[in-house]
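Enquirer: Given next are the chains, with one letter for each unit.
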Amino acid sequence: MTDASFNEGRPFWGKSLLMLVMTAIMAVPFSAASNRLTQITLRLFQPRHGG
Amino acid sequence: MSNQATLDRDSSELLALLRALATVFIAVGHVGLFWMNRPWTEFLQFTVPLFFFISGTVSYHAFCRSPTVGNNLLKRCVGLLVPFYLIALLSLLFYVADNQQLPPWSWEGAWRWLTIALLKAWTPFPLIQVWFLGVLLLICLISPLLFRLLQQRSPVLWLWLGVALLLSTLQLWWPVGRQFWLAHHNFYKPIVHSRFFVVGALWLSHASHWPASRHWLTALLLTLVSAALVMGLDLDIDFAEHTYYPSIYYVVGCLALITVCCALQRPLLWIYRLPWLRPLFAFFFTRTFSVYLPTPLPSTSLSAGSK
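Order-wise, the sequence lines are chains A and B.
In terms of the numbering used here, the first sequence opens at residue 1 and continues consecutively.
In terms of the numbering used here, the second sequence opens at residue 52 and continues consecutively.
Isolated chain A (complex conformation) (with noise of 0.2 Å):
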């Protein structure tokens, strides 16, 4: 769960549209990277086929 003081002062749906328009900004990287470094560990583990 979230710091609760983030739930002090601030009205709820504008810090919740702030929070989810910020956390939809941190997912882009974040996902691109997961999405690269599960690629690569897939690749590490199954076998290759044809050639």
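Possibly wrong hints are sitting among the right ones.
Covered stretches of chain A (in silico footprint by chain B; criterion: 3 or more residues with CB under 8 Å from a CB of chain B, positions within the stretch not fixed) [claimed, not checked]:
{"#": "1", "region": "16-25"}
{"#": "2", "region": "28-36"}
As a list, the in silico SDA-like pairs of lysine to any residue whose alpha-carbon atoms are at most 20 Å apart [unchecked claim]:
{"#": "3", "chain 1": "A", "residue 1": "Lys15", "chain 2": "B", "residue 2": "Phe76"}
{"#": "4", "chain 1": "B", "residue 1": "Lys240", "chain 2": "B", "residue 2": "Ile179"}
{"#": "5", "chain 1": "A", "residue 1": "Lys15", "chain 2": "B", "residue 2": "Lys240"}
No lab work stands behind these hints, which were simulated from the structure alone.
In this text, a Cβ means the ideal position worked out from N, Cα and C, and glycines have one as well.
Once you've looked at the hints, dock chain B against the given chain A.
Expert: Just chain B, lined up with the frame of chain A:
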């Protein structure tokens, strides 16, 4: 593997929409939506079991199409572990930046980080929501067995579901969940939450083509059972009192709400297909863990900035 599960366009789009909405609700829920107007907003906690339900449908579909069990299991586990280790690495960097030193080494700590069994005190920002990933990983590890039992229509599967139901019923009178701690993992959670996962697979293989009326009837019956439990046993209706060690009231209540989501398929699909909303849903659908895992980062940094 034989293909017993078909995911048609409507079902696929419904699951994509539900996953996107659940991602947003959980992200906003962790900054206050869940406790904004208790006990009513706490009912939105059903979005966590909804994730297990959706994972069950998607995993079963993938299991039926995968060439081997090992291949399927590898993809699922890597897909869960890599985002977690990435957020763990970020967490470590934050810790080092904050404390100018590495955290103290311990075998217990290393085991907890490796197996997704974190302690709140050991993370620089709250990462307690990763319990979901740890539970999902354990369920995924036993999922080939559960899916095989489902394909064979084995009574053992019903026995498993019955045991999960019995444990969550006992939880109302006796803290049975506390007895399931082993190697810093609580195995009560995966057992009980595997119900939602299996129900997801069952829905895909049997109920995804049900008419809305049958979904509504099922939802009504489950709601009546929930109401009977609350009134008959004088339970607190607030889901927050039933989530840590899920009780039968929480299990049945969440199943009722998930069934309502399935019953609302037509209006939900109408919303999903609005051209101006679709990219937004696609964003959250394709980045579920990437939104879910770093959720506390912006709120923690905002909190720090406001102090």
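Enquirer: Could you run down the list of hints and mark each one as holding or not?
Expert: Going through the hints against the structure:
no.: 1; hint: 16-25; verdict: holds (count 7)
no.: 2; hint: 28-36; verdict: holds (count 5)
no.: 3; hint: A/Lys15 - B/Phe76; verdict: holds (14 Å)
no.: 4; hint: B/Lys240 - B/Ile179; verdict: holds (15 Å)
no.: 5; hint: A/Lys15 - B/Lys240; verdict: violated (31 Å)
This entry does not satisfy hint 5, going by the numbered hints stated previously; all others are met.
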